[in-house]
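Visitor: Residue strings, one per chain:
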Amino acid sequence: MSYSNLKFFIVEALTNMRKSGVMAFITISTIAISLILMGTFLLATMNMEGFLAQMQSEALVTAYLKKDATLDSANTLYLRLTSLEEIENVKVISPEDAANELFTNPDDKKLLQIGLDNNENPLPFTIRIKIKNTESLEKILKKLKNEPLVDSVNYGEDLYKQLEGMSKLLWIVSLIVVILLGLASLFIVYNTVRLTLFMRREEIIIMKLVGATNWFVRGPFVVEGFLEGLLASTMSVVVLLLSYNFILTKLAELIPFFNSTITVEQLFKLSIKLFMMGIVLGVSGSLISLRDINKFSRSTALYEGI
Amino acid sequence: MIELQGVSKIFPNGVRALNNISLKINRGDFVFLVGPSGSGKSTFLRMLFREDRPTEGKILIDGKDITTMPESRIPYLRRNLGIVLQDFQLLKRRTVAENVAFGLRVIGTSESVINNKVQEALEQVGLSHKRRMYPTELSGGEQQRVCIARAIVNNPLILITDEPTGNLDPMISQEIMQLFLNINKSGTTVIVATHNDGIVRKLRKRVVALVEGQIVKDEEHGTYAYE
Chain R
2 MSYSNLKFFI
12 VEALTNMRKS
22 GVMAFITIST
32 IAISLILMGT
42 FLLATMNMEG
52 FLAQMQSEAL
62 VTAYLKKDAT
72 LDSANTLYLR
82 LTSLEEIENV
92 KVISPEDAAN
102 ELFTNPDDKK
112 LLQIGLDNNE
122 NPLPFTIRIK
132 IKNTESLEKI
142 LKKLKNEPLV
152 DSVNYGEDLY
162 KQLEGMSKLL
172 WIVSLIVVIL
182 LGLASLFIVY
192 NTVRLTLFMR
202 REEIIIMKLV
212 GATNWFVRGP
222 FVVEGFLEGL
232 LASTMSVVVL
242 LLSYNFILTK
252 LAELIPFFNS
262 TITVEQLFKL
272 SIKLFMMGIV
282 LGVSGSLISL
292 RDINKFSRST
302 ALYEGI
Chain V
35 MIELQGVSKI
45 FPNGVRALNN
55 ISLKINRGDF
65 VFLVGPSGSG
75 KSTFLRMLFR
85 EDRPTEGKIL
95 IDGKDITTMP
105 ESRIPYLRRN
115 LGIVLQDFQL
125 LKRRTVAENV
135 AFGLRVIGTS
145 ESVINNKVQE
155 ALEQVGLSHK
165 RRMYPTELSG
175 GEQQRVCIAR
185 AIVNNPLILI
195 TDEPTGNLDP
205 MISQEIMQLF
215 LNINKSGTTV
225 IVATHNDGIV
235 RKLRKRVVAL
245 VEGQIVKDEE
255 HGTYAYE
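Just so you know, the protein sequences line up as chains R and V, in that order. Per my numbering, numbering of the first sequence is gapless, rising by one per residue and ending at 307. Per my numbering, numbering of the second sequence is gapless, rising by one per residue and ending at 261.
Read the hints as simulated data drawn from the structure, not as lab findings. In this text, a Cβ means the ideal position worked out from N, Cα and C, and glycines have one as well. Each hint can be trusted.
Which residues of chain R face chain V? A few of them, derived with a C-beta cut under 7 Å, are: (1) Phe9; (2) Ile207; (3) Val211; (4) Phe217.
Interface residues of chain V toward chain R, partial, derived using beta-carbon atoms under 7 Å: (5) Leu125; (6) Gly137; (7) Ile141; (8) Gly142.
I would like the entire structure built from these sequences, with the hints used as guidance.
Guide: Written out as structure tokens, the structure is:
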């Protein structure tokens, strides 16, 4: 493509956008709204996944020993566990320490003191284990459950499974939203370009009469789609980044212990994705509506009312 | 230059617009195509710039069969043709100069060449002083001259015109014909479909008469009569 062609396409596209301002506005805002919604869902999914990954990476397994376990037997188990390479660190909590952790209220502590004086501390020895990586979680859990000294094992399984389910659901909803909004935007772009084609049919017929190739006729429309997609994605990225904190606050209200794990780099990547999506939507919407441009002629315009 | 071999055109509704036409037009010829309304003149011309394809037969331009030419080559065929139609087909949102330049711009001509060629073409049709005006500010005759300027700006080998004086008064029609004669003198083949018997009679050029899709007369220095 020569420089003069490109210049012609850009000038034509900008002129058309200015002259058909309302239609350009409809196209741009439709793509922008779709991208904002897509971006919101993607951000939510990314946050959820990050949160889950963080939860997994910080997985603490708590093993409650049987009531008859002694400090010696607890220490033996401690030594066996520290020798395992999957384990980062192990801590033995005595029933007294556990009780201290549990009852932080001074009144409760008094009650505890009475219980301890009577040698009635109901809490068992506890072993807290931090695992190096989550892949070995299952293995360690199995190992602990097979230990005769271990009564029960807890690793926040219920909360994790609940959040994991939510995350999967969010991911599926996001995917559906992205596809549906993408199709809706494509449909709007397709129709506005179709309408523009109808309005500019005379111009297109003349272009073809004087020897413009089909690709040349398509050029300004494709550039217009590109520019509209670019403008829409710029708008959506600005809106999303500005409202990001607000969205995070809302998510934090909805999900307990929520904490954003998204980095600046991830936000940058998301912005690039939105730019790409906007441009792809604008350009492909134009291209689909221009697919039959070779049938566009003076006679078809007259006979078929194009 | 242009050769039609047994060309027929039957429309999907069964109307036979052209019926087994064979004709040769040489380089530099000036041909009037005459005939009553519905005789097939416009269909004949549309075949020449591949706006339409014949149902039967061949059309050769410079030895190339344009009836089988792939769709992608049609723009390049049209770059060698100048086309002027009855309904002026000017872009109302563009100035006279932009309308003429449009023909060059869409084939990727550079800006400096465009300016010179547009000026030349507008001078040829006597409208260089109105280059900045819009089509709606011009008279019918002037608008048709702008169309002619756009058609000749690319120095076409063949100028195809369909009722170019259809909406114009006799005086202006004569001016337009004079323009065609000048263009023809520079070597361009000119084909004019017309109902204007006065001009045909006056110029005494080759006349091809069509009636009901068939050639009923082909005279070297003919008149308008076709019955």
